[in-house]
Amino acid sequence: MQYDELKAWTQAITQVLGQNPGPAQLLATSQWLQRLCQVDHFVLFIYQGNYRPLSLFDTFTAHKRQYFVDDYQTGPYLLDPLYLACSNQLHQGLHSLKELAPDHFYLSEYFLSYYHRLGLTEEIAFFVDLDDSSTGVLSLMRSSEHSDFNDQERQLLECAEQVVRLVVRSAWSQHRLSNPRPALEMDHAIRQAFERFGEGLLTLRECEIARLLLRGHSNDSIAQQLFISSGTVKIHRKNLYTKLEIGSQSELLGLFLDKLTAC
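In this text, residue positions in the sequence shown follow my numbering: the first is 393, and each later residue adds one.
Any given hint could be a false lead.
[Claimed, not checked] Distance ranges between label pairs, derived from CB positions:
no.	residue 1	residue 2	range
1	K399	E550	17 to 25 Å
2	E600	E491	21 to 29 Å
3	T653	Q484	32 to 40 Å
[Stated by the list, open to error] Cross-link-like lysine-lysine pairs, in silico, BS3-like; alpha carbons within 25 Å at most:
no.	residue 1	residue 2
4	K635	K651
5	K456	K490
6	K456	K635
7	K630	K651
Honestly, the hints are just simulated from the structure, not real lab data. Every residue, glycine too, gets a C-beta built ideally from N, C-alpha and C.
Model the full assembly from the supplied sequences, consistent with the hints where possible.
Structure representation (structure tokens):
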């Protein structure tokens, strides 16, 4: 970024902070961040405990919003590395999906049949700690028409972090004033459907392996997580496929999504 560009970008901060907290300020922030690098989609999710992710802002078309926001909130978020990072209390800051994803996430059926439909090459996100044990995640998505975020772009985005934190926290505070949180029952049902997936047909170990497969872990990664050998994982995987009467990971994902639909 040249001096004149940096000066204009810095001056534009006043335009961002001059907007009312919420969608207007978030839109101004997305336009401000576009001065740093190419971003094709923005979305802000709030993750809090057992609640379903709440979307406060996005720049998707109506078609993609239905798919990546509305459908995502019905349960597939449980397979999202960003959601899992929040559940594991990842420290706030700028993190990329590639850093957080399991080793076979980009080969997983979830990515290939669900996430990949957005046509993305990379996603990088600002994780913002909120005052009620929630985490705001402002994702910046780049389509496959463009290359990954490079080191310089990431460094520039990190310079914007303090402003992004302020804007996200202001948006969340404004939302809480006018929108009390919904009941938890549906969220518990969704999480229970995931935790109990395969119950009654599979052993406890096979259930564990099925959940890890859905989240994009390879046999080797599962073996490390569960402290067993890769050969043992392969046997369990073959057995659980037989018991569920399926022959592929796509069918495993299909069964899981059917289970969610029944919630």
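The hints, checked one at a time:
no., hint, in the structure
1, K399 x E550: 17 to 25 Å, "holds (19 Å)"
2, E600 x E491: 21 to 29 Å, "holds (24 Å)"
3, T653 x Q484: 32 to 40 Å, "holds (34 Å)"
4, K635 x K651, "holds (16 Å)"
5, K456 x K490, "holds (22 Å)"
6, K456 x K635, "violated (35 Å)"
7, K630 x K651, "holds (21 Å)"
Going through the hint list in order, the structure does not satisfy hint 6, though it satisfies all others.
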